[in-house]
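Sequence lines, in order, name chains W and E. In the numbering used here, each number is its position in the first sequence, counted from 1, plus 1459. In the numbering used here, each number is its position in the second sequence, counted from 1, plus 1459.
Derived from the structure by calculation, the hints contain no laboratory data.
Example chain W residues on the side facing chain E (calculated, C-beta under 8 Å, incomplete):
id	residue
1	GLY1472
2	PRO1473
3	LEU1480
4	GLY1481
5	GLU1490
6	GLN1493
7	HIS1495
8	SER1502
9	PRO1504
10	ALA1534
11	LYS1627
12	ARG1628
Away from chain E, derived, C-beta distances all over 12 Å, residues of chain W:
id	residue
13	ILE1525
14	GLY1594
15	THR1598
16	GLY1604
17	ALA1617
Ideal Cβ positions, reconstructed from N, Cα and C, are used throughout, including at glycine.
2 protein chains.
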Amino acid sequence: MKKPLVGVLGGMGPLATVDFLGKLIEETPAEIDQEHVPVVVWSVPQLPDRQKALDEAGESPLPALIEGIDRLTDAGATRIVVACNTAHAWYDALSARSPVPILHIVDAVVACLKIEVTAPARVGVLATRGTLASGIYQTRLAREGFDGLFNTDEELDALFKPGCYSVKRGEIDAGGRLFERAAAALIDRGATRLILACTEIPIALERIRSRHLPVCIDSNRALAKACVDYWRGATMHSAEKTS
Amino acid sequence: MKKPLVGVLGGMGPLATVDFLGKLIEETPAEIDQEHVPVVVWSVPQLPDRQKALDEAGESPLPALIEGIDRLTDAGATRIVVACNTAHAWYDALSARSPVPILHIVDAVVACLKIEVTAPARVGVLATRGTLASGIYQTRLAREGFDGLFNTDEELDALFKPGCYSVKRGEIDAGGRLFERAAAALIDRGATRLILACTEIPIALERIRSRHLPVCIDSNRALAKACVDYWRGATMHSAEKTS
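Construct the complete structure from the given sequences, taking the supplied hints into account.
Okay, here's the thing in structure tokens:
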């Protein structure tokens, strides 16, 4: 049997990948190096902008994403995660290509959400327009009986999108303040939990120590937890096999 | 010509790899995702302990390190960096194996040192016993006319080694306090600069906001700078070729 190895398709952006890898370490109960989840990471940010592609204002990142999947599975990855919510718009195409399962970030988020709240409940989703258009959160929240709340087009243009590009430029405090206003809008409309469905958001909200953090579910951390669950299951399984 | 891609041999430990990747982003002048250095990272911590192997108390990590080099170069890496000082004890064997150059962490550190101080000068090196035994710092500092100062065996046993394993266990504050005492010993003996020659140290000294940080040269950050220099040179070169 192949040794378990998590392949991380990252670089969207590079800081979100580092944030994910840090959370993967935090979520792993480990005393020594050797107990940490083994990963191979493809963080090649030279791919077309995902948000622009979904706005039909730019070329598709799919060929570059497929190259990443191929390199990770060639390197021996036995599971793949994509450390970017927006890129999950191409999940089906990537899954069809990948010889190994891709853990879906929204499945990971919903698993965490269900531990904290029981449906029905109003759940706000902070996400890019592309992620919202792809419907990945709407479908999975509705399936579990949750009532999803989303930013309006105006809020996306004025708050969310500039917040996102601020973080990518390294202006993390400025991004955090914009995201906080987008979060407040959903709380005002009745959300009791907020899903941070773009990997740039937690970095920025943590930086400004946002007052909303206690009700937030961080999609990067949820994905990290799913990797730890996979790794612990796979190593326990292989330990049983060899004992 | 192959597209420039930095291969990072990491996982020694995983947190040091994340620290390196974060510093690579910080050291890159970039406004958008696409301007960041493309990396492929092999962070598989299931390899024998480097310090124990160099103490002749454990098996060699060399086969696992070679596997990492092979996977990174198969994935298309055009340069390799090893995000661990101690593992540079096997640099020559890895270089012989690698089809692409491996940027040496001590060369990167010495390049940064020479910008800050002119030889001769007393330079303290905080490093594992294995790194010290391998002589990688002694040789390169002497070659440039610097006078290297190192912790004694007693300081290594009482301060440095437990500091290192504290960080690996996630007890970062405790590790920082131990490293600070090892640093103070070198300053007391006349060091005007301190090289943090183990990737666990900067994480811990930054956490406790050590008073020695202003005279420290962080080997992880130096290696990140060397990657940025490579990447900028390579992309400028390829832009010239295609124009």
